[in-house]
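Novice: Each chain, letter by letter, is given below.
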Amino acid sequence: MENSPDPAPPLLEVRGISKSFGAVRALQEVDFTLRAGEIHALLGENGAGKSTLIKVITGVFPRDAGIVRISGEEVAPRSAKAALGAGIATVYQEVNLLPNLSVAQNLFLDRQPMRFGIVREGEMRRRAKALLADFGLDIDVAAPLGNYSVAIQHVTAIARAVDLSARVLILDEPTASLDRHEVEILFGIMRQLAQRGIGIVFVSHFLDQVYEISDRITVLRNGRLVGERETVSLPRLDLIRMMLGRELAETTSARASVTEHKAREICASFEGYGKAGYVAPFNLELRHGEVVGLAGLLGSGRTETARLVFGAERADLGQAKVEGVPVRLQSPRDGVRHGFGYCPEERKTDGIIAELSVRENIVLALQAKRGLYRPLSRREQDEIARRYVKMLDIRPPDPERPVGLLSGGNQQKVLLARWLATSPRLLVLDEPTRGIDVGAHAEIIRLIRELCDEGLALLVISSELDEIVTYSDRVVVLRDRAHVEELAGEAIDVGHILAAIAADGAATAHEGRA
Amino acid sequence: MKGLPPVLITAIVLVAGFALCAMQFPNIASTRVVGNLLTDNAFLGIVATGMTFVIISGGIDLSVGSVIGFTTVFVALAIERWGMPPLVAFVAILVLSAAFGAAMGAVIHVFDLPPFIVTLAGMFLARGASFLLSTESVPITAPVYSTVSDFALRMPGGGRLTAIAIVMLAIVIGGALLLRLTRFGANVYALGGNRTTASLMGVAVGKMTIKIYMLSSLLAGIAGIVFSFYTSAGYSLSAVGVELDTIAAVVIGGTLLTGGQGSVIGTFLGVLIQGLIQTYINFDGTLSSWWTKIATGVLLFAFIALQQGLVALARRPVVKSAGAAS
Chain A
1 MENSPDPAPP LLEVRGISKS FGAVRALQEV DFTLRAGEIH ALLGENGAGK STLIKVITGV
61 FPRDAGIVRI SGEEVAPRSA KAALGAGIAT VYQEVNLLPN LSVAQNLFLD RQPMRFGIVR
121 EGEMRRRAKA LLADFGLDID VAAPLGNYSV AIQHVTAIAR AVDLSARVLI LDEPTASLDR
181 HEVEILFGIM RQLAQRGIGI VFVSHFLDQV YEISDRITVL RNGRLVGERE TVSLPRLDLI
241 RMMLGRELAE TTSARASVTE HKAREICASF EGYGKAGYVA PFNLELRHGE VVGLAGLLGS
301 GRTETARLVF GAERADLGQA KVEGVPVRLQ SPRDGVRHGF GYCPEERKTD GIIAELSVRE
361 NIVLALQAKR GLYRPLSRRE QDEIARRYVK MLDIRPPDPE RPVGLLSGGN QQKVLLARWL
421 ATSPRLLVLD EPTRGIDVGA HAEIIRLIRE LCDEGLALLV ISSELDEIVT YSDRVVVLRD
481 RAHVEELAGE AIDVGHILAA IAADGAATAH EGRA
Chain B
515 MKGLPPVLIT AIVLVAGFAL CAMQFPNIAS TRVVGNLLTD NAFLGIVATG MTFVIISGGI
575 DLSVGSVIGF TTVFVALAIE RWGMPPLVAF VAILVLSAAF GAAMGAVIHV FDLPPFIVTL
635 AGMFLARGAS FLLSTESVPI TAPVYSTVSD FALRMPGGGR LTAIAIVMLA IVIGGALLLR
695 LTRFGANVYA LGGNRTTASL MGVAVGKMTI KIYMLSSLLA GIAGIVFSFY TSAGYSLSAV
755 GVELDTIAAV VIGGTLLTGG QGSVIGTFLG VLIQGLIQTY INFDGTLSSW WTKIATGVLL
815 FAFIALQQGL VALARRPVVK SAGAAS
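Going down the list, the sequences are from chains A and B. Per the numbering used here, numbering through the first sequence is continuous, rising by one, with the last residue being 514. Per the numbering used here, numbering through the second sequence is continuous, rising by one, with the last residue being 840.
A couple of the hints might just be wrong.
Unchecked claim - Pairs of lysine to aspartate or glutamate residues, derived as EDC-like cross-links and limited to a Cα-Cα distance of at most 20 Å, are as follows:
| # | chain 1 | residue 1 | chain 2 | residue 2 |
| --- | --- | --- | --- | --- |
| 1 | A | LYS129 | A | ASP140 |
| 2 | B | LYS721 | A | ASP110 |
| 3 | A | LYS129 | A | ASP110 |
| 4 | A | LYS55 | A | GLU29 |
| 5 | B | LYS725 | A | ASP110 |
| 6 | A | LYS275 | A | ASP179 |
Hints are computed from structural coordinates only; laboratory data are not their basis.
Chain B on its own, in the form it takes in the complex (with noise of 0.2 Å):
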């Protein structure tokens, strides 16, 4: 029902764009390839489950990479520096994270703002915070990073399945079921579709929003992790413009940037074609990784004007002028 064609659009650019780019390097359809795709991406892949809830719900949240620049160097101090267990850090910035989105979403809720100020104050402050920690990037030595990143599920072919792409998949799994079939779900699209409405109606608007910032924050905090595995450092300049990259697979995904509509399997998409564009250009080898930035703009262009058409179409027929008073 929701968003589905966009969806099978996008699902359509994704297998086209891999059979094309299999046509010119065969080496693409391998497990190995697909499986590099997925851990180079698994931190934008669940960044971007909880954007697709934000703006499902009518908002955006551009805090995100900031939010992953910041658990980086926390992760990083607090294991290196302050000698924490990682589980114990990996709780306290999840717990920070939840809190600093929770917060964000109360100053939306409470003071009647537009997301997008709110969140771009949260984006700095994140940002700035990141860099009174430490602005070097702090190597991460602990064992646990070696153990883990060494972890991976071998697939037939001779791919690897990394510790952290699995944890994207299961985060892009329960988000999908999350929104698709539960109460808090169906909430979110009452929110995207108008907040008046959605509280006449009973839907309790403040707490949704609070619970939706904090969803993103959360994931997002759950990115900075994943991305310290990545990269085995905390670094205050790590992830910047991700939240552009977010949005970007989103809408590409077939959510509405108004809201109302779009899903979470269709963002995993949007991740996924963005990523297929960058093995394309490791392939190839003689492209600068800037096309990438390029390919993905041009497809945004093209998504966003096809859902200004389907929105153009699916309004034609229903609206009738109401009566104006005399």
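One chain only, chain A, in its complex shape (with noise of 0.2 Å):
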């Protein structure tokens, strides 16, 4: 732990770091600091900035602004290999090693050591042995990486990267596949390298790990510094507060004051739902003509809950129930096919065809239902999209324009759109209002509230505890991938969301993930 004012500069220095992308700020002005020996976590919630702040000290983005210095010295690396070489390494969640390659080919490839211009192998494998060894690991350097798990792989990639004398090593999501013993053994393995007096970034979502191993927290948001504490001296709710950018706002729930919590229908039911390794497994119900809203911050578990309720992903706990009938939902057929719709956060990937018209775009999932023996007529496509066009307002009202063409609110609508026209009882939106201006912004939230008071079913993910707070009836908490909390009426307004995301999770943190 740092507690005097050192005078040598510290080991990472970055300074009023900027970078755009196109329109987009990425970063403003960001600066961090990393000193000798510490474990310093960078967190953020996604679009924050983290990997891009990454990529630009490693050289793998070029900056528009900012200095970086290494030890006081300025450096600009301009590629992944010549951060390495001015001592920076990063060590990915994907493992950036060659699986197919023998482990101690994967530690020393293009600088094994060589006699008569052969490779010592003998001499490679003793010393890949010896590096290991270093790390607590005993196994035999002649197999294949592959055949090893994540967690070997990991301290593979850190051996590797402190052998070519890495003094910054970025750790990003380290833990993210691995079980609670590989996490301890990737602990004691970061805390020897510091002591060593290597810096250690440590990105993760886990806040759990984070308090657990860290010296020091920078929070991003937005492309922006929001702050840097010592951790010890950081109350979990602050740092949360920090990493939503949330004060303790006063919003409280429009609907909750309006509409009293009467019992409506159940929609759909989910009992002991869940997946090992996915979801901790949780109750939920959904009613007609109510919105329930997913809080929770990053990997909590929100567009994991989502794809089960949908059936994008299959649950192997638990039974769901549509109309009081239990169902299987094994693949987004079956959710579709019980009158189930889904949104999903990536538009761009998993939403909108770009290519396709407005008109395509709307009647795709309508189509899908039918099946391929019932085409829609031309006139009925026609029929469909004019009305969804009207009804949403999607700008510009052209049914045949292509869907890239339009800004991400109407694209949004049209997503939407789709799913209304097979006249769904559900409706899952994860992230509707995410990347569309203020105006479209609050278009979808009076969307969601009409829709809901149709007597749709709506499960909407949303990082924005305001809006979530305006729409939902009701509010399911999430950390942790399991579900933590349930609030409804009067209880339901950011103070108490942020509370829930914050409470010590301590003892089901790791729950379902081992």
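Got two chains here, separate frames each, mind docking them using the hints?
Specialist: See the structure below:
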């Protein structure tokens, strides 16, 4: 732990880094300081700029402004290789090694011990073994790396980086695919490396792990630096506020005050529903004419819950019922057949088909539901497209325009229209307002309410707590891939949600992951 | 380590096949037949060694058959019409073919194009160029050709290990050592594993790509020279479709068509298997020589199915689903 201001320059010093992609400002004037021998967590929600910052530091992206210093010396690597030369190594979640080569070859690729132009295989293996022994690994280094677990591959990647005399080690979500025991091993290695004076940047969305391992925390939000704190003096609630960017605003549920919580008809229910290693079993009831919000941090299991509900992922536990009748949801087809609709978060990759017209995009799900043998006539298609373009006010109101040419908000509406055309009973919306402008934002929220008033059941995921509070009748809070709390009526406000997210989850932290 | 089980299976198939053939025609088990088999397939063994490097690195080289054809025509014309000393002609064509391969490698790397397309273009280019030189078969009468053709090491049992067979064996051994023991070889495997990752780990991917295709074309050039010795002529239609026989030999030898795994020794065994089938058909006398293609096709299917099975098996235990973002 740091206690005295040291005169020596910090190991890694990043000052005033800015980076734009076209019109999008991914990083604005970001500072970051890493001292030798510390484990420094870099946190932020989706789109906060963590990955961009890492890629700018390691030279994968050129930067627009700012400087990077290593031990006081300015560096400007232009590639990951050059960054490695400067002493900065990155280990990504997807291990960047070669599973088809032996462990030893992976450790010494391009720098094998040589004699007369021939790789000294024996010497290389001996060194590989010695190197890994430092990290507490005793494995057959002649075997292909792919034969080993992800944890061992991570350790191998770290060992390679350290052996390449890295002084700054950036670990990007290293624990995302490890079980609890493997996490312990990794943490042991991280502490050991920190003691040797290596500075470690730890990117993770598991807050428990952050509190367990890190000395200091830097939080980014929307491409800006929110702050840097000592881990011990930063309460969890404050950290989450920093990440989500909320002062405890006094927004309360507009709906809760207007519509009293009355017993509505159950549309779909899930009991003990879950999947090992994906989402811990949960109970969820979705009623007609009701909006249920899913709140939680990135990686808390919101999208996972939505995918299970829709059938995009198979549950291995629990029972789903639609209108009281037990059903099996094994594929998106099943979901569609039972009258479910799902608007995914990644509009561009998972939702719209940019080259097709508005009309074609809208009729897609309906046609799929009807099957190949009952094609919709062109007249019917035109009719449906016209109706929804009008109803949702899609602009420009031209059903034949390729969807890719529409604005984000209008693309979102097309996606909504696609599912509405199937007359669903339940609609799942994953971040419906992400990446669309403020005006469209309000309109989407208005639509959500209207749909709900028409008796549709809605399950909505959003990172915008204000928003979720505004339209939800109930809010389910998730943490570490488990449903931890359900708020209803008057209890729905941003403060309660934050508190539920922040509650010390040590007991439930790694359930269902091991 | 790398791809050993498939190689073992190839070896077993070869030994079992040889034993079966020898049971029916005891004469097959003689050094005389084996010597001929090596001579007949010398050019194939050479070009397949190069192809092994290309395929392990995750690429493919469709131009090799055409390069062989071009080489035979070029060598024949250079010696017979242009009056070049044979050795000079050999050096010239080897430089030319190496440059051709390097150019294909450079195009693949710089423009990030699929090797399939680039080498397909190379295939048409080289074949077209050989027709441009001569459309007829040009016999080679230079004395060095008869000298070399007459040369052979006597094996016990009366078999002849010809010069071109020796060249092929030397290249196979050299290729195997290059692939197994050098940094270049390790980088070939690295490229086949994952180009991006290899580049992140410091492998000079561009240089490697150029070198690999250069090696393949160079060996195709050598195979072309060997082919000209074998036929004592240069003909623009020679070695049509050899690229496919070559790929077949490589795959039967246990090299993964998707790259990352394989061995030169396996490829050599694959060449021998194809040669053995040919020999059997010659001995039988009643079968059409097209049966070679049919047998090769069946074997290819079997090996590809086998590899897919092995790959699926290898992938199963390790892969865990990474945490998807919420």
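Novice: Against the earlier hints, flag every one the structure doesn't satisfy and list their numbers going up.
Specialist: none
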